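There are 2 protein chains.
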Amino acid sequence: MDQGTRLQAITRRIALAKGEIRAEVLLQNARLVNVLSGEIHAADIALADGLVVGFGDYDAETIVDCAGRYVCPGLIDGHIHIESTMLGPWEFARIAAARGTSAVIWDPHEIANVLGRDGIEDMLELTLTCPLSFYVMASSCVPATGMETSGARIGPRDISWLMAHHSGRVLGLAELMNYPGVLAKDPLVLAKIAACGCALVDGHSPLVSGKALNAYIAAGPNTDHECIDLEEAREKLSKGMHIFLREGSIEKNLKDLLPAVTDFNAQNFSLVCDDRDPADLLSHGHLDHNVRMAIALGMPPVRAIQMASINPARHFGLHRRGAVAPGYRADVVILDDLENFRVWKAYLAGKDVAETDFTAPGAMPARNTMCLAMLGGKVREENLAIPQVKDEVRCIGIVPGQLVTRQLHVRPLLEDGQALADPARDMAKLAVIERHGKNGNIGLAFVQGLGLARGAIACTVAHDSHNLIVAGMNDKDMAVAANSLVECGGGMAVAENGRVLARLALPVAGLMSLLPAEGVVRALDEVHVAFKSIARNPEVDTHPFMSLSFLALPVIPSLKLTDRGLVDVEHFKHVGLWV
Amino acid sequence: MDQGTRLQAITRRIALAKGEIRAEVLLQNARLVNVLSGEIHAADIALADGLVVGFGDYDAETIVDCAGRYVCPGLIDGHIHIESTMLGPWEFARIAAARGTSAVIWDPHEIANVLGRDGIEDMLELTLTCPLSFYVMASSCVPATGMETSGARIGPRDISWLMAHHSGRVLGLAELMNYPGVLAKDPLVLAKIAACGCALVDGHSPLVSGKALNAYIAAGPNTDHECIDLEEAREKLSKGMHIFLREGSIEKNLKDLLPAVTDFNAQNFSLVCDDRDPADLLSHGHLDHNVRMAIALGMPPVRAIQMASINPARHFGLHRRGAVAPGYRADVVILDDLENFRVWKAYLAGKDVAETDFTAPGAMPARNTMCLAMLGGKVREENLAIPQVKDEVRCIGIVPGQLVTRQLHVRPLLEDGQALADPARDMAKLAVIERHGKNGNIGLAFVQGLGLARGAIACTVAHDSHNLIVAGMNDKDMAVAANSLVECGGGMAVAENGRVLARLALPVAGLMSLLPAEGVVRALDEVHVAFKSIARNPEVDTHPFMSLSFLALPVIPSLKLTDRGLVDVEHFKHVGLWV
Numbered sequence: 003m004d005q006g007t008r009l010q011a012i013t014r015r016i017a018l019a020k021g022e023i024r025a026e027v028l029l030q031n032a033r034l035v036n037v038l039s040g041e042i043h044a045a046d047i048a049l050a051d052g053l054v055v056g057f058g059d060y061d062a063e064t065i066v067d068c069a070g071r072y073v074c075p076g077l078i079d080g081h082i083h084i085e086s087t088m089l090g091p092w093e094f095a096r097i098a099a100a101r102g103t104s105a106v107i108w109d110p111h112e113i114a115n116v117l118g119r120d121g122i123e124d125m126l127e128l129t130l131t132c133p134l135s136f137y138v139m140a141s142s143c144v145p146a147t148g149m150e151t152s153g154a155r156i157g158p159r160d161i162s163w164l165m166a167h168h169s170g171r172v173l174g175l176a177e178l179m180n181y182p183g184v185l186a187k188d189p190l191v192l193a194k195i196a197a198c199g200c201a202l203v204d205g206h207s208p209l210v211s212g213k214a215l216n217a218y219i220a221a222g223p224n225t226d227h228e229c230i231d232l233e234e235a236r237e238k239l240s241k242g243m244h245i246f247l248r249e250g251s252i253e254k255n256l257k258d259l260l261p262a263v264t265d266f267n268a269q270n271f272s273l274v275c276d277d278r279d280p281a282d283l284l285s286h287g288h289l290d291h292n293v294r295m296a297i298a299l300g301m302p303p304v305r306a307i308q309m310a311s312i313n314p315a316r317h318f319g320l321h322r323r324g325a326v327a328p329g330y331r332a333d334v335v336i337l338d339d340l341e342n343f344r345v346w347k348a349y350l351a352g353k354d355v356a357e358t359d360f361t362a363p364g365a366m367p368a369r370n371t372m373c374l375a376m377l378g379g380k381v382r383e384e385n386l387a388i389p390q391v392k393d394e395v396r397c398i399g400i401v402p403g404q405l406v407t408r409q410l411h412v413r414p415l416l417e418d419g420q421a422l423a424d425p426a427r428d429m430a431k432l433a434v435i436e437r438h439g440k441n442g443n444i445g446l447a448f449v450q451g452l453g454l455a456r457g458a459i460a461c462t463v464a465h466d467s468h469n470l471i472v473a474g475m476n477d478k479d480m481a482v483a484a485n486s487l488v489e490c491g492g493g494m495a496v497a498e499n500g501r502v503l504a505r506l507a508l509p510v511a512g513l514m515s516l517l518p519a520e521g522v523v524r525a526l527d528e529v530h531v532a533f534k535s536i537a538r539n540p541e542v543d544t545h546p547f548m549s550l551s552f553l554a555l556p557v558i559p560s561l562k563l564t565d566r567g568l569v570d571v572e573h574f575k576h577v578g579l580w581v
Numbered sequence: 003m004d005q006g007t008r009l010q011a012i013t014r015r016i017a018l019a020k021g022e023i024r025a026e027v028l029l030q031n032a033r034l035v036n037v038l039s040g041e042i043h044a045a046d047i048a049l050a051d052g053l054v055v056g057f058g059d060y061d062a063e064t065i066v067d068c069a070g071r072y073v074c075p076g077l078i079d080g081h082i083h084i085e086s087t088m089l090g091p092w093e094f095a096r097i098a099a100a101r102g103t104s105a106v107i108w109d110p111h112e113i114a115n116v117l118g119r120d121g122i123e124d125m126l127e128l129t130l131t132c133p134l135s136f137y138v139m140a141s142s143c144v145p146a147t148g149m150e151t152s153g154a155r156i157g158p159r160d161i162s163w164l165m166a167h168h169s170g171r172v173l174g175l176a177e178l179m180n181y182p183g184v185l186a187k188d189p190l191v192l193a194k195i196a197a198c199g200c201a202l203v204d205g206h207s208p209l210v211s212g213k214a215l216n217a218y219i220a221a222g223p224n225t226d227h228e229c230i231d232l233e234e235a236r237e238k239l240s241k242g243m244h245i246f247l248r249e250g251s252i253e254k255n256l257k258d259l260l261p262a263v264t265d266f267n268a269q270n271f272s273l274v275c276d277d278r279d280p281a282d283l284l285s286h287g288h289l290d291h292n293v294r295m296a297i298a299l300g301m302p303p304v305r306a307i308q309m310a311s312i313n314p315a316r317h318f319g320l321h322r323r324g325a326v327a328p329g330y331r332a333d334v335v336i337l338d339d340l341e342n343f344r345v346w347k348a349y350l351a352g353k354d355v356a357e358t359d360f361t362a363p364g365a366m367p368a369r370n371t372m373c374l375a376m377l378g379g380k381v382r383e384e385n386l387a388i389p390q391v392k393d394e395v396r397c398i399g400i401v402p403g404q405l406v407t408r409q410l411h412v413r414p415l416l417e418d419g420q421a422l423a424d425p426a427r428d429m430a431k432l433a434v435i436e437r438h439g440k441n442g443n444i445g446l447a448f449v450q451g452l453g454l455a456r457g458a459i460a461c462t463v464a465h466d467s468h469n470l471i472v473a474g475m476n477d478k479d480m481a482v483a484a485n486s487l488v489e490c491g492g493g494m495a496v497a498e499n500g501r502v503l504a505r506l507a508l509p510v511a512g513l514m515s516l517l518p519a520e521g522v523v524r525a526l527d528e529v530h531v532a533f534k535s536i537a538r539n540p541e542v543d544t545h546p547f548m549s550l551s552f553l554a555l556p557v558i559p560s561l562k563l564t565d566r567g568l569v570d571v572e573h574f575k576h577v578g579l580w581v
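Residue numbers (the working numbering), protein chains in the order written: chain A, 3 to 581; chain B, 3 to 581.
Worth flagging that the hints you see were computed from the coordinates, not collected in a lab.
Small disclaimer: the values here were computed from a predicted structure and weren't measured.
There's no promise every hint is true.
Repeated chains share a single entry, so a pair holds when one copy, or any two copies, can fit it.
[Claimed, not checked] Under the rule of at most 20 angstroms between Cα atoms (straight-line distance), these lysine to aspartate or glutamate pairs were calculated in the EDC-like manner:
(1) Lys347 x Asp51
(2) Lys187 x Asp51
(3) Lys534 x Asp339
(4) Lys187 x Asp4
(5) Lys254 x Asp279
(6) Lys187 x Glu22
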């Protein structure tokens, strides 16, 4: 904004606040949850030009009688991977805005692994005009490791570029998961911190403490969302980290960490989601769920709302956001019920969310990322064959309900010189197929405990490089499931007897859908029903796709499979399939 | 800092924190007042390269046994006019650093009125290497009004210039006293807000409330240090202002406002001094006095210290300052006694203050600002004559102990067609002599209640334009007092019977001394003793120079005198001497 425009804007704000120009909306008879004064007080709140005009008896085009309802600022999620919702950002915004969200700080780590800086910039451009604000932290660890093939790399120059070209929207460096790299003074890792100047750096340092934590913090990161117990949170807080109290669909820490919040330090905590799966988003909500939960756990509502509005706004330096006060962006939520945070009406920049069109202004970018050209465009059964070499294989052992795996040594089912899946022992064949058009790598192994009785399942959400991962009891169904995803641009599929039983297409980078949220949840349900039809124990609820999507992530112990083969995570090295 | 240097710095910080390089100082057996966690906990704190390395059993060149003493971050004064101490900034730093201060946010409003942008830049340059950090808010109201002649004007382009050329040190726009101008949408005033972009704007809006306050805040200002009662503070807080709890030598608000601070809003308050006279500074201290007082008034020590360290640091966006934590600037204070905030030892950027040289690196700039060229270089008795025109004059009536004055209509002592001072009625002649070399204006009037029996007093600290103000019972002594200040570059003087009884020279802009603090206080004492020797009631303690220095400020009611003549402040217009 140039100085003349700014001067005009200030002049108009004064005229509006003095009541010389009619406001657009007056929220009458509100009880304002004032996150600045920490009090709840009666207020009539005028909105105009996307901003809060002030409190008082203003004249307005539209008068909304709040009838004593509570009003609070729009919620701000300080750390989320939008990709976990499988929704396009505008569709996410449609759902979250109605739940009271006004802004998110997005680490587009998954998009970045597939499409790099271009993917991030596509998303920035796509969401530029969205009334729910998408701020971005530049993804710091792409690829996550050198033991896999990702779709892209993000280096220090990309970080500088993003910060410089999207100033005010790219706020800093996203969660710096490679804490061993920081502690080892890896120049490439540190150059990324240096590249973002004195800006914000999100941390990710589970269980790091003592001098190592001093070093990690001194290097740059000043938030943490990975604390699992009170002591860890207290140490990180005392050393200068803003603590994100995470409550996601997978990792849930809010209840354990809430006692770390006191009257003297509450300003240093924010509520965040990190991830939120589509069904959770629709049924439980977005950050409203976390606020509700914090209140249910005994936190005073004013403080719970502070931790989801003004606290993240201040931490990230968001100018005049996160509160309802004169000159602040008019992100205002009217609640039917404070304790349960039930939204009656929400405004984003002064516009009623119910009357807002959340259609993305252009086509979703970042399609067609299924590039198997090096394999001739599709997966063939022979690509999946494992000829016998020795007698015993390293097999990934799933630990129910966890992301860590065990390393098993097992004699596979052998037939005609081939190692085969063995339904009798719940031992499926597993393939990770490079899908970014880089090298056509296929990693092959076995996984025990996925719960398949027959058929195959495939997925392109496969952290962090998001290659095509397939598990099955026979090569044919594996190829069918995999190729069905190649055909639709990625997603999740279940196959049996040579045909696809169910499929959720995720054509945006193989990660996000073009469907409305309700359609995504319906398709996911169908995929899960299909899985049950080929499962060993259909009556037991499991999360086979969740398990599958983490089997390729070589930073969580013990044994994982990438497109380059098995990884012994404890020793952080590739190991052979045959013992 | 370029990226290579930054990378090197990060690498070294990590090595230090890991203990691979020996630290410089280890503060052993400390009890850390942790303003981040809000707790007090045991810690050994290592310092090196000007930063806090971390907590732990580090090896260090110097081990300091704190023997269980409390340790806290250096204090940060969010709003002060250093000129009120009459000390050069390095000398101020010497005194304040030993009292635990690590940084000040300085509105150089007085210097700016005399020397404009050049004066501000001189001070910025002078203090660049000072271990106590001088941040500046660009003075917004220079001159304060159009009814007086100041030494300089500061316009929107000066604001932009200062922000751009001293980025990171000039943080925003200083207290915007001209709130009527803001509310009237005065384009010049608003252009100054626009010129500082989205940066910080300090407010100054005593008693402004309701829609007017909405307008003022929406226009930009987001702090207040002028609240006089709880309701005012609460309204300003609730509308988004960070509240500076002021306790200065003149204006004292801490006790009245402290009840506004709660567990839910304490992060939005800071302790500030605004002004601090030299004697107060030496006897009671700087911000340590305010912390002590807040604790004595019942505030928990951790919170009082938060309000004087991390709160102002965050409000002003001071990167990694205001707390003792890894990577933070090593501004550390060791206390002999927490409740009384008695400093045992202080470190600025890791260096022991007791071993720090506070000699300014160059000569103090901004001397020789007594320019009476238009008057031929000095004040003559005939310049001070008031020939009779009518029978009754408007006379300024001093209200004991206050800055407001009354407007009296009085028949002056008349002799030979001249109106004269009248010791019998405590009615002195008053002159405001333009001293910036602009026009040689002399405003003449009478003041009742200053307490002079004979002689004259003169001063160049005369808010806000800092012209030469003289009051006396005869023209000769008035000229002598005035000319003695012309000769020494400004200051304060007392004259009787044609000779100077005492003088404090303030050669830096007529506002600040070149002496050490102790010398300034001694000279001030001498000036006061001299005043008593010519006073009507030597046994009564009054503040004649304080009164004098505000008699030329035409923004405090009711009747004031500038170089352009009498000002009826209520009607904000010049009025004639003769009724």
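What are the numbers of the hints that this structure violates, sorted from low to high? 3
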